[in-house]
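**Student:** Chain by chain, the residues run as shown.
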Amino acid sequence: MKERGFMPFSAAGALIVIIVLGIAVQAACSRHQRSISTIDDISSSSLLAIAAGIHGDLQSAVKYAVYRALWEISKNANRYDESERKRTVESLATRYFKERVEELGPEYALHDARIEFDILDENPWPAINLIEAENGYVLARASLPEDSRIKLVSRDRSLSIAMPFENIDVFVDSRYFLLQQCMRDFVERFGDINSSWGIMEYAQAWVEAWLSGKVELSDCRTKAFFDTAWAAHEFDTFGSFDYYAAAKGLINDEDETSGGLLSEPNDRKIVANPIRATDLKGISNYIDGAIGSIDDASILLEKASICVGLAIENLKKHQTNNLEKIESIRGLLEKTTSDVATARGKVLEVEAQMNHLLEFMASYNPSDVAMMSLYQSFTSRLFDKDFPCMKEQVELGVRGTSTKLLELEQKLTSFFTQFDTSGTEDPQRKLVLIKSSIEEMFSEPNPKRWVKFKTYVDNPPRPIEEMIPVYIDDEKDGTIALLDLILDGFKNNIDELINFSQQIELEPERLQTFEISDYLTEKIKTVPPKINIDREDFYELLPPVPIMPSPGLSVYHELEVKSVNYRREDLAGLLGSPTATPVPLLFIGVTLWWGQWNITVELEDIPVEEIFDFDNPTLPLAHGQCYVHKPLAYRWEMPEKTFETTVVVISLQPFTISTR
Amino acid sequence: MEEKGFGYIADVLVFSLLVSVAITFLVAISPVDPRVESERYASSFARGLLLSFQHSTADQFGGFDYSLEPLGFELNLPLIEGSARRELLHKTVAQLLSEDVLLNMRINVGETDLTFLKTNEAMDHELKNFLKTILEKTIGGRFGYRMRANTKLIDLGFARVYFEIEIEEMSRARNQLCSESVMLSLPESNIDLKKFIENALGMTLPSKLEIDTIIEVSLELWST
Chain A
91 MKERGFMPFS
101 AAGALIVIIV
111 LGIAVQAACS
121 RHQRSISTID
131 DISSSSLLAI
141 AAGIHGDLQS
151 AVKYAVYRAL
161 WEISKNANRY
171 DESERKRTVE
181 SLATRYFKER
191 VEELGPEYAL
201 HDARIEFDIL
211 DENPWPAINL
221 IEAENGYVLA
231 RASLPEDSRI
241 KLVSRDRSLS
251 IAMPFENIDV
261 FVDSRYFLLQ
271 QCMRDFVERF
281 GDINSSWGIM
291 EYAQAWVEAW
301 LSGKVELSDC
311 RTKAFFDTAW
321 AAHEFDTFGS
331 FDYYAAAKGL
341 INDEDETSGG
351 LLSEPNDRKI
361 VANPIRATDL
371 KGISNYIDGA
381 IGSIDDASIL
391 LEKASICVGL
401 AIENLKKHQT
411 NNLEKIESIR
421 GLLEKTTSDV
431 ATARGKVLEV
441 EAQMNHLLEF
451 MASYNPSDVA
461 MMSLYQSFTS
471 RLFDKDFPCM
481 KEQVELGVRG
491 TSTKLLELEQ
501 KLTSFFTQFD
511 TSGTEDPQRK
521 LVLIKSSIEE
531 MFSEPNPKRW
541 VKFKTYVDNP
551 PRPIEEMIPV
561 YIDDEKDGTI
571 ALLDLILDGF
581 KNNIDELINF
591 SQQIELEPER
601 LQTFEISDYL
611 TEKIKTVPPK
621 INIDREDFYE
631 LLPPVPIMPS
641 PGLSVYHELE
651 VKSVNYRRED
661 LAGLLGSPTA
671 TPVPLLFIGV
681 TLWWGQWNIT
691 VELEDIPVEE
701 IFDFDNPTLP
711 LAHGQCYVHK
721 PLAYRWEMPE
731 KTFETTVVVI
741 SLQPFTISTR
Chain B
7 MEEKGFGYIA
17 DVLVFSLLVS
27 VAITFLVAIS
37 PVDPRVESER
47 YASSFARGLL
57 LSFQHSTADQ
67 FGGFDYSLEP
77 LGFELNLPLI
87 EGSARRELLH
97 KTVAQLLSED
107 VLLNMRINVG
117 ETDLTFLKTN
127 EAMDHELKNF
137 LKTILEKTIG
147 GRFGYRMRAN
157 TKLIDLGFAR
167 VYFEIEIEEM
177 SRARNQLCSE
187 SVMLSLPESN
197 IDLKKFIENA
207 LGMTLPSKLE
217 IDTIIEVSLE
227 LWST
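The listed protein sequences derive, respectively, from chains A and B. Going by my numbering, the first sequence opens with residue 91, and the numbers climb by one from there. Going by my numbering, the second sequence opens with residue 7, and the numbers climb by one from there.
Just so you know, these hints were derived from the structure itself, not from any lab. Among the clues, some could well be false.
Computed beta-carbon distance windows for the label pairs [what the hints assert, rightly or not]:
#1 A:GLU727 / B:GLY88: 24 to 30 Å
#2 B:SER224 / A:ILE696: 50 to 56 Å
#3 B:THR139 / A:SER173: 42 to 48 Å
#4 B:MET176 / A:ALA101: 41 to 47 Å
Keep in mind it's a predicted model, so treat the numbers as computed, not measured. Even for Gly, the Cβ is constructed at its ideal location relative to N, Cα and C.
Sequences are here, hints too, so could you generate the full structure?
**Tutor:** So, in structure tokens, the structure goes:
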């Protein structure tokens with residue numbers, strides 16, 4: 091082997107083994123180094139993870155500090171104005187956060203010595219800033235004092251991390267800003283409660299006055315209406331209302347009276363339909379048309395009178411058989427006849443106008459009791475059938491006037507067709523008679539008789555008897571002047587009625603637009619749970635489910651009616667009469683019955699309104715012997731204890747007002 | 007010639023043996039330790055998961071809700087079903103966990119549980135299910151796991167106040183790969199928590215008693 095210069099296989103093998111061993115040692119060293127760096131890596135990652143964890147935990151601490159501050163301030167929200175309230179929440183939240191951070195620093199260090207809070211207390215704590223986020227949620231921007239750091243040092247002190255906590259935005263899942271906005275709306279439109287309550291009182295009284303002639307004022311019903319009005323305002327503002335309280339109130343009222351009050355607001359659709367000014371203006375237009383016709387007839391008859399006068403003058407001047415003049419006089423009389431015929435047509439138009447008016451009134455829905463009643467008074471005799479109605483007066487007047495005009499027309503026709511100066515009869519005398527017949531149409535009408543009625547004068551008022559004149563009982567009384575007088579009287583009375591309906595009664599638009607939601611009436615039927623703890627505490631724990639899913643708020647209120655007072659304000663009422671005050675409108679033969687009373691509701695204590703963020707029951711708060719997630723509450727104490735409304739009812743039927 | 011032949015054969019055999027040994031060494035040599043690598047991966051995974059609990063909200067995991075249980079007063083139950091529901095969509099998982107600790111803290115005197123009202127029992131139950139679902143979804147079948155959250159025991163001698171929750175899936179677990187932990191704080195301050203415990207026990211606690219409001223949450227991952 092030697093000769094050949096080769097080494098033995100075993101030596102080569104040994105060499106290979108040695109080389110491989112060398113490689114293995116190298117690899118082991120490398121693996122060891124790698125493991126060490128992996129451990130370092132894990133260690134530093136772990137340190138970073140702890141820092142991130144603490145950062146996250148401090149964000150939670152900000153959230154809990156804000157929760158607590160919001161709860162404390164929102165529970166007394168009415169004590170602050172909006173900006174002051176926000177500032178107070180911010181300052182309180184900052185204080186709670188500071189206190190918590192001061193507690194947490196040592197506690198973290200106790201659990202992990204690597205953690206160190208470097209809080210520079212000499213620097214002021216920046217106030218937590220509350221920002222309104224979408225949907226009324228809160229975004230809290232918080233920082234530690236300037237130059238403060240969350241420090242972490244590795245165990246071998248080779249690695250150190252210092253993490254700032256500055257301008258960190260923390261989402262707070264409570265809709266404080268939404269609650270604030272909703273309560274602001276509720277308070278700003280607080281007057282809507284009075285308005286709705288007044289409408290309900292009015293509607294009920296109106297129906298009773300018109301349908302039964304008896305308005306019964308009842309404490310229980312007023313309480314129910316007041317509660318319902320309050321609930322309606324809550325529902326309009328918050329999309330829900332305190333339906334347990336509303337239902338409980340109505341049940342209690344019903345127990346007292348068995349008056350079925352629970353059903354009243356439930357079935358409440360406004361049926362009150364007072365005389366509307368627009369309808370009255372429609373009536374007034376027809377009367378204007380009739381007056382226009384009478385005016386036209388008057389003008390024509392005045393012209394006729396002048397023509398006849400001219401004819402008489404001509405006759406006086408020309409006693410000869412002057413054919414030209416005779417033709418001239420005949421022409422004048424022919425023209426006069428035509429004017430009289432046209433005037434008669436105009437007078438007949440008056441009746442047509444009045445018939446259209448009655449058709450217009452009759453076209454109203456029979457359930458429109460005001461219009462039907464007005465129609466009735468226009469077409470039926472009044473004051474024990476002693477006083478002719480408007481229809482009768484116009485019919486008699488038109489018939490009488492048109493008959494007289496027809497007679498006049500016939501006289502004129504017969505006169506000018508047979509007219510010559512050679513006749514035996516004196517044509518001048520005939521024309522004077524005709525002229526005087528025309529003038530009679532304008533003579534001032536005199537009352538035929540008088541009808542008694544009762545009215546009130548002075549302050550304090552006293553009842554007196556007065557007389558109404560009746561101008562027409564028969565066709566023969568009809569003249570243009572009489573028709574003019576009657577129609578002017580109608581027109582004035584209708585204008586008075588318009589004034590009444592515009593000034594005293596509720597605007598019909600308010601009645602038309604007022605409607606209690608079906609949701610509300612349905613929910614009032616809810617049988618409230620029997621609660622044997624404080625009701626407000628109960629609502630904090632178990633806020634009632636909102637009626638409307640948006641905005642998703644539960645509503646609580648404290649509202650205990652102490653007393654209800656009624657005070658009559660119309661003249662008869664001030665005298666102590668149970669009957670409403672009559673206001674006669676003589677020409678249309680209508681007596682308005684005016685009832686007016688003031689209602690005062692006094693509460694036991696100042697009312698409290700509270701809303702809960704039902705959709706976000708997120709605040710972990712102590713409740714007795716346990717902690718419970720509660721929704722943020724926003725509580726507002728209203729300043730008023732006394733509420734007033736005035737009800738004015740005008741009816742065409744007499745009615746009484748009594749207290750049940 | 008015969009002697010030479012035997013020597014040659016022996017030399018080749020020794021050579022073969024040494025080459026085999028060298029190959030064995032070479033095979034065994036790996037710059038990477040697979041166990042360390044899997045531990046590193048598991049550790050990083052666990053840390054990421056625990057951190058995500060602090061920043062991910064419940065609705066990102068499908069939402070969380072529960073209903074209050076009896077509150078100690080009579081109720082017309084059908085009415086309050088909706089009212090008793092607590093839907094907590096915007097809370098982070100960590101916040102849910104720390105609030106569960108607060109709402110379901112155990113107070114034991116001897117062996118007797120003094121937690122009179124189990125008002126929030128459903129939260130505890132639902133949260134366990136919620137966490138289990140999250141862990142199952144995120145970990146899948148890659149690891150066995152055990153998650154624990156507990157507070158430092160407050161030992162008053164006659165009474166103990168504590169909280170613990172444990173969720174695990176260890177049916178196929180073999181070796182522990184890592185154990186990562188984070189600290190959470192309770193939503194309540196020491197003073198208020200002390201007042202609450204005093205109220206629950208009906209007695210005043212020693213003024214020197216320090217209550218630890220830190221919750222330790224640990225997550226162990228095990229190889230399968």
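**Student:** Hint by hint, note whether the structure agrees.
**Tutor:** So, going through the hints one by one against the coordinates:
1. Range check, GLU727 (chain A) to GLY88 (chain B): about 28 Å between beta-carbon atoms, so the 24 to 30 Å window is met.
2. For SER224 (chain B) paired with ILE696 (chain A), a C-beta distance near 54 Å keeps the hint of 50 to 56 Å intact.
3. Range check, THR139 (chain B) to SER173 (chain A): Cβ separation about 45 Å, and the 42 to 48 Å hint holds.
4. Between MET176 (chain B) and ALA101 (chain A) the CB atoms are about 56 Å apart, so this pair departs from the stated range of 41 to 47 Å.
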